[in-house]
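> Below, each chain spelled out in residue letters.
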Amino acid sequence: MAIDTQLDLWEVFIQNKSGNNYIHAGSVHASDKKMALQNARDTYTRRSEGTSIWVVPSKEIVASDPNDEAMFFDPANDKIYRHPTFYVMPEGAKQI
Amino acid sequence: MNTQEALYNYCLRLGDNALIHAHRICEWCSNAPFIEEDLALSNIALDLIGSAQCFLKYAAEIDGKGKTEDDLAYRRSERQYFNYLLVEQPNGDFANTMARLLLMSAFDVYLFETLATSKDEAIAAYAAKTLKEVKYHLAHASDWVIRLGDGTEESKYRMQKAINDLWLFSGELFEMDETDTILINEGIACNLHDIKPKWQNYISSVLEKATLNLPEAIHMVKGGKNGLHTEYLGHILSEMQYLQRAYPEAKW
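Taken in order, these protein sequences are the chains called B and R. Numbered per this note's numbering, the first sequence spans residues 1323 to 1418. Numbered per this note's numbering, the second sequence spans residues 9 to 260.
For reference, chain B alone in the conformation it holds in the complex:
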């Protein structure tokens, strides 16, 4: 297998405007925090997509195991009472 010379992998999260959630945009390679931010800026915000960036080392992200999917998520399926669907949404509330 070829040696990976592409530096460490970082995940990039972009906030498109102040107050909104940070959304996963993709990943970049970089050797340190500062370089990761600059690379994320150059790769993902060239066309005014964002006003703020988070970068996180990919290896620090803890992901759920696909084999645990049933145990983790199925129990929620038949419990409709956990959804706040019996409330009336106030008019004009778009970010709920």
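To be clear, the hints were calculated from the coordinates, so they are not data collected in a lab. Relax, there's no trap hidden among the hints.
Output of the computed footprint for chain B on chain R, the stretches with three or more beta carbons under 8 angstroms from beta carbons of chain B:
no. : region
1   : 45-57
2   : 145-159
List time: in silico BS3-like cross-link candidates among lysine-lysine, alpha-carbon distance up to 27 angstroms:
no. : chain 1 : residue 1 : chain 2 : residue 2
3   : B       : Lys1356   : R       : Lys206
4   : B       : Lys1416   : B       : Lys1401
5   : R       : Lys140    : B       : Lys1339
Quick look at which bits of chain B chain R covers, simulated, 3 or more residues with Cβ under 8 angstroms:
no. : region
6   : 1347-1353
7   : 1362-1370
All C-beta atoms, glycine included, are put in the ideal place defined by N, C-alpha and C.
Starting from the structure of chain B, add chain R where the hints point.
What follows is chain R alone, placed relative to chain B:
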């Protein structure tokens, strides 16, 4: 030389520096060490092209002979280009390109900081816009020079060599002539002697962080600012102007 002629020369110089530097950096497109750096370099080149367009367009307006920024970019020969020798130097290795970007963008930051308060409103507006961009170029170049200088034995050797090789072109950045003097008196241009100590301090601090040596004082070459270039500019222009020269008035 009257003020209008001086202003025309001044804008050509600003535009030419950005255009020729941009062209050199564009040569990295698809050749950078990895894709993120490829995008970063292309972004920097595009910023510089935008800046060149502003200043050449303004130069054409001042000239008042119905020319456009494209006429100025594609229909002047070597002797009519007034960029610094520094920006036309070949890319060399990546360290060399970063050394050139460091020396030039540090100069640009102090230059445009001053020009943002120019009495010429157009220059002040373009300078304010360009300043934001060159600050980023400087941060990018500084980080790489520090990273490579304070890196491996190989990267340190190459980074030091790049700084040493380009040093003789740095003196020209602060040369001034009649064009500058006329416009400084009008409150339009930047007094380059004022920004020289700031530039020297900044470069010294970056080289110190990079554990590199500041080159010793050597004989500085100059000429670009007055149209006397190294052998490299002709080759840049022959590539850049080929289409317009071969097919005049060509349209998309």
